[in-house]
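Starting from the known structure of chain G, fit chain B with the ligands onto it as the hints suggest.
If you're matching them up, the sequences are chains G and B in order. To convert, note that position 313 of the first sequence is 573 in my numbering; the numbers rise steadily by one, no gaps. To convert, note that position 130 of the second sequence is 131 in my numbering; the numbers rise steadily by one, no gaps.
By construction, these hints were calculated from the structure, which means they are not laboratory data. Just to be clear, a hint being listed does not mean it is correct.
[Unchecked claim] For each label pair, taking beta carbons as the anchor points, the in silico distance ranges come out as:
#1 K742(G) - A16(B): 28 to 34 angstroms
#2 R876(G) - N22(B): 41 to 47 angstroms
#3 K193(B) - D275(G): 34 to 40 angstroms
#4 M643(G) - D208(B): 37 to 43 angstroms
Quick reminder that beta carbons are idealized off the backbone N, C-alpha and C, glycines included.
So you can see what is in the structure, the chains are spelled out below.
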Amino acid sequence: MIKLDSKIPKGPLADKWSDYKSSLRLVNPANKKKIDIIVVGTGLSGASSASALGELGYNVKVFCFQDSPRRAHSVAAQGGINAAKNYKNDGDSVYRLFHDMIKGGDFRAREANVYRAAEVSNYVIDHFAAHGVPFARDYGGMLETRSFGGVQVSRTFYAKGQTGQQCLLGTYSSLSRQIAKGTVTMYERRDMLDLVVIDGKARGIITRNLLTGELERHSAHAVVLATGGYGTVFYLSTLALGSNASAAWAAHRKGALFANPSFIQIHPTSIPVLNDYQSKLTLMSESLRNDGRVWVPKEKDENRHPNQIPEAERDYYLERRYPAFGNLVPRDVASRAAKERCDAGYGVGDSGLSVYLDFKDAIEKQGKKGIEDKYGNLFEMYMKITGINPYEEPMRIYPAGHYTMGGLWVDYNLMTTIPGLYSVGESNFSDHGANRLGASSLMQCSGDGYFILPYTIGDYLADEIRTPRIQTDHEEFDKAEKAAKERIDRLMAVNGKQTVTSFHKRLGKILWDHCGMVRSKEGLQKGIEMIDQLEDEFWKEVKVPATAGEYNQELEKAIRVADFFEVGRLMCQDALDRDESCGAHFREEYQTEQGEAKRNDAEYAHVSAYEYKGNRQSEILHKEPLVFENVELKERSYK
Amino acid sequence: MEFKLKIWRQKNASAKGKFENHTLKNVSAEMSFLQMLDYLNQQIIESGGEPVHFEHDCREGICGSCGLYINGRPHGPVTHTTTCELHMREFEDNSTIVIEPWRSKAFSVIKDLVVDRSAFEKVIRAGGFVNVNTGSAQEANNIPINKKISDRAFDAAVCIGCGACVAACKNSSAMLFVSAKVSQMAMLPQGKVEAKDRVEKMVAKMDEVGFGFCSNTYGCEYDCPKGISVEFIAQMNREFFSARVCKSKR
Ligand code: SF4
Ligand code: FES
Numbered sequence: 261m262i263k264l265d266s267k268i269p270k271g272p273l274a275d276k277w278s279d280y281k282s283s284l285r286l287v288n289p290a291n292k293k294k295i296d297i298i299v300v301g302t303g304l305s306g307a308s309s310a311s312a313l314g315e316l317g318y319n320v321k322v323f324c325f326q327d328s329p330r331r332a333h334s335v336a337a338q339g340g341i342n343a344a345k346n347y348k349n350d351g352d353s354v355y356r357l358f359h360d361m362i363k364g365g366d367f368r369a370r371e372a373n374v375y376r377a378a379e380v381s382n383y384v385i386d387h388f389a390a391h392g393v394p395f396a397r398d399y400g401g402m403l404e405t406r407s408f409g410g411v412q413v414s415r416t417f418y419a420k421g422q423t424g425q426q427c428l429l430g431t432y433s434s435l436s437r438q439i440a441k442g443t444v445t446m447y448e449r450r451d452m453l454d455l456v457v458i459d460g461k462a463r464g465i466i467t468r469n470l471l472t473g474e475l476e477r478h479s480a481h482a483v484v485l486a487t488g489g490y491g492t493v494f495y496l497s498t499l500a501l502g503s504n505a506s507a508a509w510a511a512h513r514k515g516a517l518f519a520n521p522s523f524i525q526i527h528p529t530s531i532p533v534l535n536d537y538q539s540k541l542t543l544m545s546e547s548l549r550n551d552g553r554v555w556v557p558k559e560k561d562e563n564r565h566p567n568q569i570p571e572a573e574r575d576y577y578l579e580r581r582y583p584a585f586g587n588l589v590p591r592d593v594a595s596r597a598a599k600e601r602c603d604a605g606y607g608v609g610d611s612g613l614s615v616y617l618d619f620k621d622a623i624e625k626q627g628k629k630g631i632e633d634k635y636g637n638l639f640e641m642y643m644k645i646t647g648i649n650p651y652e653e654p655m656r657i658y659p660a661g662h663y664t665m666g667g668l669w670v671d672y673n674l675m676t677t678i679p680g681l682y683s684v685g686e687s688n689f690s691d692h693g694a695n696r697l698g699a700s701s702l703m704q705c706s707g708d709g710y711f712i713l714p715y716t717i718g719d720y721l722a723d724e725i726r727t728p729r730i731q732t733d734h735e736e737f738d739k740a741e742k743a744a745k746e747r748i749d750r751l752m753a754v755n756g757k758q759t760v761t762s763f764h765k766r767l768g769k770i771l772w773d774h775c776g777m778v779r780s781k782e783g784l785q786k787g788i789e790m791i792d793q794l795e796d797e798f799w800k801e802v803k804v805p806a807t808a809g810e811y812n813q814e815l816e817k818a819i820r821v822a823d824f825f826e827v828g829r830l831m832c833q834d835a836l837d838r839d840e841s842c843g844a845h846f847r848e849e850y851q852t853e854q855g856e857a858k859r860n861d862a863e864y865a866h867v868s869a870y871e872y873k874g875n876r877q878s879e880i881l882h883k884e885p886l887v888f889e890n891v892e893l894k895e896r897s898y899k
Numbered sequence: 002m003e004f005k006l007k008i009w010r011q012k013n014a015s016a017k018g019k020f021e022n023h024t025l026k027n028v029s030a031e032m033s034f035l036q037m038l039d040y041l042n043q044q045i046i047e048s049g050g051e052p053v054h055f056e057h058d059c060r061e062g063i064c065g066s067c068g069l070y071i072n073g074r075p076h077g078p079v080t081h082t083t084t085c086e087l088h089m090r091e092f093e094d095n096s097t098i099v100i101e102p103w104r105s106k107a108f109s110v111i112k113d114l115v116v117d118r119s120a121f122e123k124v125i126r127a128g129g130f131v132n133v134n135t136g137s138a139q140e141a142n143n144i145p146i147n148k149k150i151s152d153r154a155f156d157a158a159v160c161i162g163c164g165a166c167v168a169a170c171k172n173s174s175a176m177l178f179v180s181a182k183v184s185q186m187a188m189l190p191q192g193k194v195e196a197k198d199r200v201e202k203m204v205a206k207m208d209e210v211g212f213g214f215c216s217n218t219y220g221c222e223y224d225c226p227k228g229i230s231v232e233f234i235a236q237m238n239r240e241f242f243s244a245r246v247c248k249s250k251r
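Only chain B is shown next, with the shape it has when bound in the complex:
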């Protein structure tokens, strides 16, 4: 296969970026998208250039490092698929592929296709945990949890923190990411104790670090590689408003 690649190049955070064109021949359909980029980089290096920087680590869809904006869609054309799981057989031979970093005011570009997602860290640090110290846990089976609820919590917990939801959102909202964590913990008895406090802190931090508001267009769910459902956003809103109500009653 052969492709025309239009790739965003940007030397560093303060530099002005631009698209760079490459023609890549002899791509095999079996290659993953990142292997295709490795192949491109090999050619760039061998001809004395500077390789395209992009983030990746596990290359199996679980670490959340990778994340490219491919042909106008976070993680590319295949639903429920991370960039590293994407394969070249999904692209038409001889087509043009446009590759960009996440574009979002909360995630600035560091270099080429690498962005700064540390705003996510700040939100988690604001309350995405259970306040229990090591050593104080009780026997695990002392608290039975309804299977349906526990499975549902699992569905929320599979978020990989990639940031596609933010990149997909015209408002740069992080609602899907935040709601997944809030809901997971609020559903489980262990996390319920602090649910109200948690949601307030995380939402406040989310606003503070520059994520936008949610206008319910649900592009996030469509582009989330892990299929995190927008129902969790509704669930978080309920948590949030009930926390507010409790407060005003106090």
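One chain only, chain G, in its complex shape:
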């Protein structure tokens, strides 16, 4: 019987982390060299973990599926990274950042974890500055900040619309330095297919060398998953096409509980779907809502060009519904409001599935140059994709699948329910509750990797100093490799007629319709049925060309999509179980008269963590109660 122990330290909120840190056990430098750690993923959380652990002297092996660690999808984060520096003297503090995140997450995150994330945020900024990350600066040479959704202070540090790129490349530099020093060994072009658990502890992984198809065994004293989110389950999402759930899911199959799977952020401002062959949706940073105003025509079936529609005939619906926060309401709220307008028939564009994001007023006030300085690359990107010039007419935007708040359940140490298996960054569930606030993802990823994991993992490894190097000829490695091989053989053997992508698209559509922005009991039940059918069809009809023993991009996709059926089903199961609306999880049946999310704190102030029981088996739900000692649970209002 699994018992969830969050291991939250005792003591006042503000002292928890510092007190706890000083109580953690250490591993002496001579012993560190003898300890192997595997890190899977080289995004911001993986690369920061690997480089920080390498600096400490551990023997680190790090894996990514791309040809270079620099390509991980953190690179695409646009708007910024939060920190509680209070450089603007506008009343910011660690507590306020914490409070904004807890409220933004609709009171479904752990207080202690969130507070710690806020606390280490300031070190993250110092760290990046020291590594030559060229954040925006003011004329006095000081770091510049801007505002982001869901908050009333200006605490978001940025590098134009490429903050993720700059933070990731800074981290990639640190990682490269450790690789050069020999503390970190880099394995590119590898997919993790299974986790190896020996005597209850995570001891290694099975990878597939993507160029040769060879299955490989790697062992370690501890394994860290930094494998990102599962937003590509929707097929169309803002994520890179290679982003996937398979590594985390392999861990889930092996016993790691998966928490809050239905908490998926639908980002309000993405470029809408333009054609049937669309393979991804491109995000337009939330920072744009600082200066852009969102509107739809007041009349249905409006045919005029947006520039021809006079002011009085526009409905700035966010400003109308949420006067206090206006265009800067949090993402879940903005997304639903856009959907509401479009469903009601006021949407624009051929499909009627988009709304305007207008910069006319901002350009009048700040000049074209002012806007270009802040968002130049985003405007250019928009222009390239749509062929429309957003300096001259409003952008068209629509919500798209984006970030997964759900993920592997971890305790305060960032350890999953499998001893020795850690999860950092987006792949864990820990800091964002039911909705993530903008610019807090880069913050969490770097905080986890640079400033939290290196401490907590040491405490675990202090017990491992006498464990000799793990041998890969252990029978658990045999078993795991065999299972991976069988799964691949099974996929290859189907030899049907339909492409992997065609299944992925259909799965994505099922989830978007039934487990997307708005959910209902019937819809979710129907969704599960449809997933079952589609999965059956997949295993009869899918076509994976060529062989498994070579570079085979279709096979890579097939392995990932096969897992997505299970992920999708669990999302629906969780959404069905949670008879309330909170954050991004909106159940039609549970809303206020004004159409806002209606929480049920009496019954659902908990983390839902699921235990895998085999495919098609309903998973076992474990609840971790959320205790709020420092904030008052309130209806989240942005009015």
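Same frame as chain G, now just chain B with the ligands:
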């Protein structure tokens, strides 16, 4: 729209490659170039063939994975545009499109349109970083940086590591890529401390891993999707020679 595609096919690194012809009908102008290839691959797979391998990930011009040599130009006909950002409306209906991998002695072909760019990694590992350990940074605003300088460093830092500059260069020189990193770091006070050492190490590694010399023809700048300026090459040369001078004085 309809296109004749001439695509480079090569089974693996040691196989001999050749062009394969396809006619692709019903292409929409709204499709991106990579969506067009997805569409082609779908047809190839459905008719029992092996799909064309190409690299891509973000599909929004930021990860640097994609990179095709299209009609004789890295990333195709539109300036400051990565392959994944390119759209079919840029091509004439019924025209022929030739698609090849990067051709460069430093980047060998792995399969079809996929090349090995690991030589870039080696150059970065030689010195493309600041030697500061986690935990030792000082308060960020203790070091003010002139906005102009910091903006300029940013302009260099936007390189996505795609390799188009190398593919564009008849000498397979990586000067634009290397100079972008060297200049970014040399301009900022945090990176200045080791600037001389860094430039020497990175340049030496660049030569060692097989990149050619720079003959100042500037094809790299023209084809760089991120508009990295050749001025950074000049800046790196200055760094490099001043490092040399310092050394000979020692
Ligand atoms: S300098 Fe330009 S062309 Fe060269 S790798 Fe960087 S972005 Fe690509
Ligand atoms: S796919 Fe990422 S830059 Fe083109």
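Hints, verified against the model:
1. K742(G) - A16(B): 28 to 34 angstroms: holds, 31 angstroms
2. R876(G) - N22(B): 41 to 47 angstroms: Cβ of R876(G) to Cβ of N22(B): about 46 angstroms, so the range 41 to 47 angstroms holds.
3. K193(B) - D275(G): 34 to 40 angstroms: holds, 39 angstroms
4. M643(G) - D208(B): 37 to 43 angstroms: Holds, since M643(G) and D208(B) (Cβ atoms, about 39 angstroms apart) stay within the stated range.
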